[in-house]
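One letter stands for each residue in the lines below.
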Amino acid sequence: MDKFTGKVWVLGDDIDTDIIIPTEYLALKTVQDMAPYAFSPLRPELAGQIRDGDMIVAGKNFGCGSSREQAPEIIKALGVRCVIAKSFARIFFRNAINNGLLLIENDKLRDAVSEGDEITVVLNHFIEHQGAQYPITPLPQNLVEILNAGGLVQAMKKRNNSKGI
Amino acid sequence: MGMTIAEKIIAAAAGVETVKPGDIHTVELDRLMSNDGTTHLTIDMYHKLKNPRIADVNKLVWIMDHNVPCDSVKTAASHKKMRDFAREHKITFYEGAGVCHQVMLEKHVTSGELIFGADSHTCAYGAVGAFGTGVGCTDYLYAMVTGHSWLLVPETLRFNLKGKLGDGVYARDLILSIIGQIGANGANYMAMEFGGEGLKTLNMSDRIAVCNLCVEAGAKTALMEVDEITLAYLKEHGREPKHVFQSDPDASYARVYEIDLSAIRPIVAKPHFVDSVVDAKECVGTHIDEAFLGSCNNGRIEDLRVGAELIKGRKVHPLVRFLVVPASAEVYRQALAEGIIDTFMEAGAIVMNPNCSVCWGSCQGVIGEGEVLISTGTRNFKGRAGHKDSFVYLASAATVTASAIKGEIATAADIAG
Numbered sequence: 001m002d003k004f005t006g007k008v009w010v011l012g013d014d015i016d017t018d019i020i021i022p023t024e025y026l027a028l029k030t031v032q033d034m035a036p037y038a039f040s041p042l043r044p045e046l047a048g049q050i051r052d053g054d055m056i057v058a059g060k061n062f063g064c065g066s067s068r069e070q071a072p073e074i075i076k077a078l079g080v081r082c083v084i085a086k087s088f089a090r091i092f093f094r095n096a097i098n099n100g101l102l103l104i105e106n107d108k109l110r111d112a113v114s115e116g117d118e119i120t121v122v123l124n125h126f127i128e129h130q131g132a133q134y135p136i137t138p139l140p141q142n143l144v145e146i147l148n149a150g151g152l153v154q155a156m157k158k159r160n161n162s163k164g165i
Numbered sequence: 001m002g003m004t005i006a007e008k009i010i011a012a013a014a015g016v017e018t019v020k021p022g023d024i025h026t027v028e029l030d031r032l033m034s035n036d037g038t039t040h041l042t043i044d045m046y047h048k049l050k051n052p053r054i055a056d057v058n059k060l061v062w063i064m065d066h067n068v069p070c071d072s073v074k075t076a077a078s079h080k081k082m083r084d085f086a087r088e089h090k091i092t093f094y095e096g097a098g099v100c101h102q103v104m105l106e107k108h109v110t111s112g113e114l115i116f117g118a119d120s121h122t123c124a125y126g127a128v129g130a131f132g133t134g135v136g137c138t139d140y141l142y143a144m145v146t147g148h149s150w151l152l153v154p155e156t157l158r159f160n161l162k163g164k165l166g167d168g169v170y171a172r173d174l175i176l177s178i179i180g181q182i183g184a185n186g187a188n189y190m191a192m193e194f195g196g197e198g199l200k201t202l203n204m205s206d207r208i209a210v211c212n213l214c215v216e217a218g219a220k221t222a223l224m225e226v227d228e229i230t231l232a233y234l235k236e237h238g239r240e241p242k243h244v245f246q247s248d249p250d251a252s253y254a255r256v257y258e259i260d261l262s263a264i265r266p267i268v269a270k271p272h273f274v275d276s277v278v279d280a281k282e283c284v285g286t287h288i289d290e291a292f293l294g295s296c297n298n299g300r301i302e303d304l305r306v307g308a309e310l311i312k313g314r315k316v317h318p319l320v321r322f323l324v325v326p327a328s329a330e331v332y333r334q335a336l337a338e339g340i341i342d343t344f345m346e347a348g349a350i351v352m353n354p355n356c357s358v359c360w361g362s363c364q365g366v367i368g369e370g371e372v373l374i375s376t377g378t379r380n381f382k383g384r385a386g387h388k389d390s391f392v393y394l395a396s397a398a399t400v401t402a403s404a405i406k407g408e409i410a411t412a413a414d415i416a417g
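Chains as they are written, first to last, in our numbering: chain A, 1 to 165; chain B, 1 to 417.
Be a bit skeptical, because a hint or two may be false.
Stated by the list, open to error - Taking CB as the label site, the calculated pair distances span:
id, chain 1, residue 1, chain 2, residue 2, range
1, A, G12, B, E236, 43 to 49 Å
2, B, G147, A, R51, 22 to 28 Å
3, B, D167, A, A132, 41 to 47 Å
4, A, P138, B, A77, 55 to 61 Å
5, B, S252, A, G12, 56 to 62 Å
6, A, Q141, B, E88, 52 to 58 Å
7, B, K20, A, F126, 28 to 34 Å
8, A, T5, B, A77, 25 to 31 Å
9, A, D2, B, G147, 50 to 56 Å
Said to hold, decoys possible - Under 8 Å between C-beta atoms, here's a sample of chain A residues computed to sit facing chain B:
id, residue
10, T23
11, K60
12, N99
As the list claims (entries may be wrong) - Here chain A is said to cover these stretches of chain B; the calculated rule only asks that three of the stretch's residues, wherever they fall, bring their Cβ under 8 Å from a Cβ of chain A:
id, region
13, 33-42
14, 101-114
15, 139-148
16, 310-317
These are computed hints drawn from the structure, not numbers from a lab.
Yeah, the Cβ is synthetic: ideal placement off N, Cα and C, and Gly gets one too.
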């Protein structure tokens, strides 16, 4: 069973794509160059504090706004293992899965955790926090395939290998 | 069980008789729009494929609009990449023609189509009864290479419109009211369908403004019933509908809203969320530094006419920059022919070429620390129009123009007489 433990960073509702990465930094060459500015309009110090394997726990409508795919790419580049939110905006949801960034929808955990707490995620089963378990609704099979491949392009290469894409 | 318009378009694109919310279908796409916001990223990924190809180049439309003309050396590099690729692959390409959604609606989109656009406001195409939805560049690449993609059939929210908008009240006020009512994620993953007698009182420009902003309620797409106004618009632009789908009387909706257009008042969305809406009266007197009339939401000739009529014989307030940006070259030329551009310039406005301008916070017109913008743009997120500690209010063309004249937030009624 796939399982991981990490520290959480807690954010609020409606974390939009201009918060995740402001327009002025989109002209930088790579997502690695952009990553230090992630969440800067809200918490300029946050990008520098996030460590590999940490998780983000947020409120409703995470990722609302623009279709800029740099948003999930940057979160992944910061080493965030997964984002757990009450709900995700749909374009962000597709973009995250397509880039192999795991998203989990749960409407209870956000109000139970404090920043810095440790949680354990047992994939497709539950999230554990201070003895309490929060169930995870498994993703549809086609999305699991994309995530497992590391993103849509990788999944496409795998699936269409015989056709040589 | 009957189907909604969104369900019918997906069923046709999937080649199946019926679909229902929650089903996942592989769908054939009619058109694939991409702009200079992310096309360079799509191209980079394309080149990393082992054997890259384009399924059907005739489906692709690429439009330079976010930073036109180019504003920095870094952007020049990504623009060059996009321009060269389009030329090499003979992709339909525009630069200087206007904001992508306006150009698509003027030149390409028709009813019944299923369209992916690498831009969140692609839902605007519902104004002509097309299923437009925003995607990221990876989804775009997949569709470009294979010609198809997967879609989860959305639930539909139905909005029955009745009555008529009052004087000085516009489509912008209507859609901001609706977003305020259902919330910034009130239609998340869903389709928003508009119909009813009141729809007939909305012209195409109004319909585009309403559909365009539905993503600010989280919607996957927006769809309006096709009627004689839609068909006349398509005909005028030399296009035939692909399908004319109406929702069935027994279609199933997640929720149905009755909207009385005559009850809508001028609205302002306050910083930093599109659903932070209040009666415009509550914001009257708020200090502003800049006003913006433009964008895919409100940069059409109808919007410029509203602004020009208000500002004729008046002046832009000396402490305010008033940016006027027609949404397309077609709109610009029409405004020139009608003397509208001259009216704005006479009043002291800064008139710019068609592009996304300050609506996306890059290119021209960005605002500095602590500054306040009133805008007909699409979003008022924190930092959206420039400095992270700046403020954006959203309102109609009338309220924005009246504010530019007054030097503080004002409605058309406040400057009358």
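A quick look at each hint next to the structure:
1. For the pair A:G12 and B:E236, the beta carbons lie near 47 Å from each other, so the given range of 43 to 49 Å is met.
2. For the hinted restraint 22 to 28 Å between B:G147 and A:R51, the CB-CB distance of approximately 42 Å leaves it violated.
3. Between B:D167 and A:A132 the C-beta distance comes to about 57 Å, which lies outside the given range of 41 to 47 Å.
4. The hinted range of 55 to 61 Å is not satisfied by A:P138 and B:A77, whose Cβ atoms lie roughly 42 Å apart.
5. Taking 56 to 62 Å as the suggested C-beta distance range, the pair B:S252 and A:G12 does not conform, at roughly 34 Å.
6. Checking the proposed 52 to 58 Å range against A:Q141 and B:E88 shows it is violated: the Cβ atoms sit about 37 Å from each other.
7. For the pair B:K20 and A:F126, the supplied restraint of 28 to 34 Å holds, since their beta-carbon distance comes to about 29 Å.
8. In this structure, A:T5 and B:A77 break the distance hint of 25 to 31 Å, their C-beta atoms being roughly 42 Å apart.
9. Take A:D2 and B:G147: their Cβ atoms lie about 34 Å apart, and the range 50 to 56 Å is violated.
10. Proximity of A:T23 to chain B holds as hinted, the smallest CB-CB distance being about 4 Å (cut-off 8 Å).
11. At a threshold of 8 Å, the smallest CB-CB gap from A:K60 to chain B is about 6 Å, leaving the interface hint in force.
12. For A:N99, the interface hint holds, the least distance from its beta-carbon to any beta-carbon of chain B being 6 Å, beneath 8 Å.
13. Remark: the region 33-42 of chain B is confirmed as covered by chain A, as 3 of its residues place a Cβ nearer than 8 Å to a Cβ of that chain, reaching the required three.
14. Residues of the region 101-114 of chain B with a Cβ under 8 Å from some Cβ of chain A number 0, which does not satisfy the need for three, so the listed coverage is violated.
15. Closer than 8 Å: that is the beta-carbon criterion, and the region 139-148 of chain B has 5 residues meeting it against chain A, so the requirement of 3 holds.
16. Only residues whose beta carbon comes within less than 8 Å of a beta carbon in chain A count, and the region 310-317 of chain B has 0; fewer than three means the coverage is violated.
Of the numbered hints given earlier, the model fails hints 2, 3, 4, 5, 6, 8, 9, 14 and 16; all others are met.
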